[in-house]
Amino acid sequence: MSGAPEPVPPHATEREADKRQPTGADWIIPAIGLAFATYYLLSIRNLVWEAKIAAVFVAVVLYALIGVYVLVTVVGLKRGSLRIDFSPLWGNLALFRIRALLFGLAALSVLALPWAGFTLGTFGFLLVSFLWLEKMPWKLAVITSGALAIAGYVLFIVALRTAFPPGPFELAMRALTGI
Amino acid sequence: MDPSFGFIVELFGNALSHWWLILLATTLGIIIGAMPGFGAANTIIMLLPFTLAVDVNTAMIFMVSLFCASHMGGGITSILLNIPGNGGAAATCLDGYPMAKKGLGQQALVLSFVASTVGGMVTSGLSIVLLPYIARLAYYLHSVEMVVIVLFGITLIASVASENMLKALIAGCLGLLIGAIGADHIYSTPRATFGFLELYDGMPLIPVLIGVFAISEALMMIESRSVLSESGMQLARRAGWAETFEGVKMAFSRTWLMVWTGILGLVIGIVPGAGASIAAFVAYQQARLYSKTPEKFGTGIPDGVIAPESSNNGCASGDLIPLLVIGVPGGTTAAVMLIVMTYHGIQLGPRLFIQTPEFGYGVFVTMLVSYFIMLFTTMPLTRYISKLILIPTAVLAPIIIAFTMVGAFAPRAYMFDLWLTLLFGVIGYICRRTGFNVVAMLIGVILGPLLEANVMRALRISGNDPYVFFSSAVGNVLWVLLAISLIVPPYVQWRKNRRQPLQTAQAS
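Protein chains in written order, with my numbering: chain A, 1 to 179; chain B, 1 to 508.
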């Protein structure tokens, strides 16, 4: 290895030198709050006032708080203590991709639940996650996710009687054992 | 009736003779308490065929033991995974999880169990002695006072649990508004349901809890290979009996904290509807207020685990007092118990202590015995339970998602609730990434319906007079405290910010 320092990309040094706090991603929750409060008020506009007074009070307080937040942000931007930057929302892009895929996988397993049932759905979700996230060896991944799915079946379906839509596994077990 | 010493001893004998039942119920209670979505109420409902078939004494012992244990079990996942098993355990995350990240998960679990036991035992003991007197507290808190208590709860959490009070207040108010989704209490008109029939009954709490805590935490935790730091990993691997005893020592060196936060939980629990979540946060805030090192709260210190856990379990005793004394259940589980006891012919209310005093006092004696038994059953398990945190995050995150989703589905059996959980998972993720407090949002959702019901009730009683909210002395005192809790933290922060450049200039 040479003793010379590695070249640093110019944008990295710029960002490091920038001491201003990022703002941008933190507008999402106030924006959701603003949109939801407005929708809420619209949905109750024809009700008697008794049925809407509490919600109107909370919505007005929420508007006021969001107003203060906007004011603080605008002042911060004008004074130069804040800079517009949405990157805190995802941080590291490679990690964000993993998160999005894990979330997508969870959504897929919910989508498949009415046909696959709890046990097979959980098995599939865990197997793919272990293989892809942990890079687990095939055999170990199958055994671990299989054991967890069966333990879940015994605890949640057999013992706690959770009313999940039955899949092929649950139907086969019901036919074999009567449970 | 004032109970005699001999009468109480007899009740102890009766409870101890059912040790096997208490052992079974507490084990079950701890497991379900640690699983978000599987509360004591649901389990008692599922086991109704059992509680209705056995005699009333056995049913009572089973339900009360399970109820206590579920309060204790909620802290396990709060500490190890930052996912509260129930609303009362949400405050435990604030210091429990940072302790676990430092490799002190086992000590944190021991602290939680000891504090729960001491809080539960002190308050059930106190309940036996003071039952007829403390029950009167519920008469002083009407709908007006409850409105202020709910708002106070939000501001308290915003000032305690968040670095940015404004952001936490926005999250809390958004939570309150989300909690007000669904049909109103008087006219049953649907509000802000987006056209979904599944939301007519209101926003289901469990999918929100699991979404903002479990799903978002699972998405956050895959940032690193382990939730533990390098040194924390070594500490957690070495954990053995010595760490258990260290935790016990840590807890008993703070005995007074356990006692007074437990009593605080008892007092708050007596107010019907106030619940363990408020009790735990108030205790946390009070412990920080009287601490010599308030700045360390939130960084993973024993006091931050002891205060909410003791209060949460103290609240369990408080929850049952209005049920027994005035026949008004303090929470969902108490409501289910009311149904079972009424089925068995027990008349709850003031006459209970005249007609069947052995039943009324027996509830609290059973609590005492349950907590005592749990102390010995949970302690040896902490070293094994705490190893959960050693699992790599890439394995843990999918397991959390897969199994907590079951909890989201279980209470109502709607596929809709699973999608709702995922939606709140995204909202929780955005909140965490951008510094909006998820705890404040959750507490808002919990308290939203309570706020609305009490606002409506107060207006109905007063003939729609808005000044009713300032008509009671207790309420006005609470309004002043609310104003103080809003003004003081920003003022202190402002003074701190002003002093800092001065001190830096003086130092240079």
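Just so you know, these hints were derived from the structure itself, not from any lab. Be aware that a few hints might be false.
Claimed, not checked - Capping the alpha-carbon separation at 20 Å, the derived lysine to any residue pairs in SDA-like fashion look like this:
1) A:139 to B:392
2) A:135 to B:390
3) B:387 to A:81
4) A:139 to B:293
5) A:19 to B:164
6) A:139 to B:395
7) A:135 to B:225
8) A:139 to B:394
9) A:135 to B:394
10) B:496 to A:76
11) B:102 to B:245
12) A:19 to B:221
13) A:19 to B:435
14) A:19 to B:497
15) B:496 to A:135
16) A:135 to B:221
17) A:135 to B:222
18) B:496 to B:293
As the list claims (entries may be wrong) - Here are a few chain A residues that sit away from chain B, every Cβ distance over 10 Å (derived from the structure):
19) 44
20) 48
21) 99
22) 152
23) 170
Stated by the list, open to error - To spell it out: a stretch of chain A is covered by chain B in this simulated footprint if at least three of its residues, at any positions, have a beta carbon under 8 Å from a beta carbon of chain B; those stretches are:
24) 26-37
25) 56-68
Just so it is clear, the structure is predicted and the values come from calculations on it, not from any experiment. For every residue, glycine included, the Cβ atom is placed at its ideal position computed from N, Cα and C.
Each hint, compared with the structure:
Restraint check for residue 139 of chain A and residue 392 of chain B: satisfied, since their Cα atoms lie roughly 18 Å apart, inside the 20 Å limit. For the given pair, residue 135 of chain A sits about 17 Å from residue 390 of chain B by alpha-carbon distance, which is consistent with the 20 Å threshold. Our distance criterion of 20 Å between C-alpha atoms is broken by residue 387 of chain B and residue 81 of chain A, whose separation comes to about 44 Å. Taking the CA atoms of residue 139 of chain A and residue 293 of chain B, the gap is near 51 Å; set against the 20 Å cutoff, the hint is violated.
A threshold of 20 Å between alpha carbons decides the hint, and for residue 19 of chain A with residue 164 of chain B the separation of about 19 Å falls inside it, so the pair holds. The straight-line distance between the Cα atoms of residue 139 of chain A and residue 395 of chain B is roughly 15 Å, inside the 20 Å bound, and the hint therefore holds. Between the alpha carbons of residue 135 of chain A and residue 225 of chain B the distance comes to roughly 12 Å, so the proposed pair stays at or under 20 Å and holds. For the suggested pair residue 139 of chain A and residue 394 of chain B, the alpha carbons sit about 17 Å apart, so the restraint of at most 20 Å is met.
A C-alpha spacing of about 9 Å is found between residue 135 of chain A and residue 394 of chain B, which places the hinted pair at or below 20 Å, so the restraint holds. With a CA separation close to 19 Å, the supplied pair residue 496 of chain B and residue 76 of chain A stays within the 20 Å bound. Restraint check for residue 102 of chain B and residue 245 of chain B: satisfied, since their Cα atoms lie roughly 18 Å apart, inside the 20 Å limit. Taken as a hint, the residue 19 of chain A and residue 221 of chain B pair is broken in the structure, with Cα atoms around 27 Å apart against an allowance of 20 Å.
Restraint check for residue 19 of chain A and residue 435 of chain B: the C-alpha separation of about 18 Å stays at or below 20 Å, so the hint holds. Restraint check for residue 19 of chain A and residue 497 of chain B: the C-alpha separation of about 17 Å stays at or below 20 Å, so the hint holds. For the hint linking residue 496 of chain B to residue 135 of chain A, the alpha-carbon distance of about 49 Å lies beyond 20 Å, and the restraint is violated. Between residue 135 of chain A and residue 221 of chain B the alpha-carbon distance is near 17 Å, which keeps this suggested pair within the 20 Å criterion.
For the proposed pair residue 135 of chain A and residue 222 of chain B, the alpha carbon gap of about 14 Å is at most 20 Å, so the pair holds. For the hint pairing residue 496 of chain B with residue 293 of chain B, the CA-to-CA distance comes to about 16 Å; that is within 20 Å, so the pair holds. Chain B draws residue 44 of chain A into its interface by the beta-carbon criterion, the shortest separation being 5 Å against a cut-off of 10 Å. Not every CB of chain B lies more than 10 Å from the CB of residue 48 of chain A, the least distance being 7 Å, so the non-interface label is violated.
Look at residue 99 of chain A: its CB is around 5 Å from the nearest CB on chain B, not clear of 10 Å, so calling it non-interface is violated. Distance check for residue 152 of chain A against chain B: the nearest CB is about 6 Å away, which does not clear 10 Å, and the non-interface claim fails. Residue 170 of chain A, annotated as away from the interface, keeps every beta carbon of chain B farther than 10 Å; the closest lies near 14 Å. Residue count for the stretch 26-37 of chain A with a Cβ under 8 Å from a Cβ of chain B: 8. That meets the three needed, and the coverage hint holds.
Evaluation of the coverage hint for the stretch 56-68 of chain A: fulfilled, as 8 residues show C-beta separations to chain B shorter than 8 Å, against a requirement of three.
In summary, the numbered hints that this structure violates are 3, 4, 12, 15, 19, 20, 21, 22.
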